[in-house]
Amino acid sequence: MEGCGEEEQVKLLGAAKSPFTARVRMALALKGIHYEFIEEDIHNKSELLLKSNPVHKKIPVLIHSGKYVCESMIIVQYIEEAWGNKAPNLMPKDPYDRAIARFWVAFIEDKFAQSVLGVFNGQGEQQQKAAEESVANFLLLEEALSGKAYFGGDEIGLVDISLGGLLVFIKMLEKVTNLVLIDAERMPVLSAWVDRFSEADGVKDVLPDRAKIFEFISGWRAKLT
Amino acid sequence: MEACTEEEQVKLLGWLRSPFVTRVRIALALKGIQYQFIEDDAENKSQLLLQSNPVHKKVPVLIHNGKIVCESMIIVQYIDETWDTKAPNLLPKDPYDRAIARFWAAFVDDKLRPSIGGVLMGQGEKQQKAVEESLANLSLLDDALRASSCSGNAYFGGVEIGFADIALGGGLVSLKAIQKVTKTVLVDPQKMPHLCAWIDRFFEIDLVKGILPDPVKVLERISYLRAKFTSAMAGN
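Protein chains in written order, with my numbering: chain R, 1 to 225; chain F, 1 to 236.
Please keep in mind that the hints were generated in silico from the structure rather than gathered at the bench. Keep in mind the model is a prediction, meaning the values are calculated, not measured. Just so it is clear, CB atoms sit at the ideal spot from N, CA and C, and this is done for glycine as well. Check before you lean on any hint, since a few could be wrong.
To be verified - Interface residues of chain R toward chain F, partial, derived using beta-carbon atoms under 10 Å:
(1) Val-55
(2) Trp-83
(3) Lys-86
(4) Pro-88
(5) Ile-182
(6) Asp-209
To be verified - Examples of chain F residues toward chain R, derived with CB under 7 Å:
(7) Trp-15
(8) Lys-67
(9) Val-69
(10) Cys-70
(11) Ile-74
(12) Glu-81
(13) Trp-83
(14) Ala-87
(15) Pro-95
(16) Arg-102
(17) Ser-139
(18) Leu-140
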């Protein structure tokens, strides 16, 4: 049962539009953890944000019983470990399976994110190249999914959350740029995953608003061109 | 006792001068795990490397009983979790302390390494900016070590070296070489006393001494890279 006393207080500093915040909200929702959501204005950062994440000054920040945890995937792992006895487990038990999950999370954070950002920021040939790299990276993820319902197996896990947080951004980026990054023909398993994930309990209510993200990306692209 | 039968085989693919390979070698040594080191060649990567890490084609790669694990700090966590009954624990038990250890390891890879890379590869204003970023990043690490020492810890979150120490420590020989080659002072003893004390302490650990790459070879490699970057820029 959730203790809602001073000792068990969970707050999340974040922004409803942010993919990184979405990841943490998914993890909290899946574990059934009650928390206070504090919406931050990233253009006018609060004292609390600057105090709780002095190194990066970024959201999301989880505040659990007065302790600050930063960096979305580190927060998700923290949630998994601090509430280790609460189902579902977001990480497998076996060390090798955990290493594989961490590998794909790192891939999504580094190589994959870079290629998607290249599409977001790029123009002409540069953007085309970034789109091709993104497709190649998606094909690797398609392979990694290898016919399972989720990257985590039968249930949502760390990798699903890592990629899932970015999903609305990616889909709206495709719409704004008219580029296909998740190709249903070449990536049937991943495409099915997209639909399944977007509809999942705990996830669907915390996904960033599609219209707002579309607006944000359109505005950004208009300034570039 | 380490079983060296087919079932308990541990192999590590890499090259000795790599900070990432060094991290894994430190973890294996701390845990007292026997393994076969397979020297690969950065300029001529082996089939084994390309097959075992097709996504990144990078070292280190750990092969444990045929299972392939990539990415240095992921390998370190794998080692800690697989040999969890063997002391020492590389990550603390408490979830919050683990999050802090992961935070600093991520900081080393996401912020510190790129800024130092910028010093090695850059010239003029670009390099100056990278120097300033590196100084700021190293100061943050100095701050974190100051906080640790206030709690009575000689290392990032502990009385012994752990996850974040391994992440930073693996790159120390390269860091020294980069400062030498670019004639920059990034680790400033006046401004970063705790970091300097930590570096001295780290270099004094017997186990670490035996593993850190040969500074002469690392210096050679860093000089070669610097010459490559600066001539590439001059050529434009």
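Quick rundown of the hints versus the structure:
{"no.": "1", "hint": "Val-55", "result": "6 Å, holds"}
{"no.": "2", "hint": "Trp-83", "result": "9 Å, holds"}
{"no.": "3", "hint": "Lys-86", "result": "13 Å, violated"}
{"no.": "4", "hint": "Pro-88", "result": "17 Å, violated"}
{"no.": "5", "hint": "Ile-182", "result": "19 Å, violated"}
{"no.": "6", "hint": "Asp-209", "result": "28 Å, violated"}
{"no.": "7", "hint": "Trp-15", "result": "21 Å, violated"}
{"no.": "8", "hint": "Lys-67", "result": "5 Å, holds"}
{"no.": "9", "hint": "Val-69", "result": "5 Å, holds"}
{"no.": "10", "hint": "Cys-70", "result": "6 Å, holds"}
{"no.": "11", "hint": "Ile-74", "result": "5 Å, holds"}
{"no.": "12", "hint": "Glu-81", "result": "4 Å, holds"}
{"no.": "13", "hint": "Trp-83", "result": "9 Å, violated"}
{"no.": "14", "hint": "Ala-87", "result": "17 Å, violated"}
{"no.": "15", "hint": "Pro-95", "result": "4 Å, holds"}
{"no.": "16", "hint": "Arg-102", "result": "5 Å, holds"}
{"no.": "17", "hint": "Ser-139", "result": "11 Å, violated"}
{"no.": "18", "hint": "Leu-140", "result": "6 Å, holds"}
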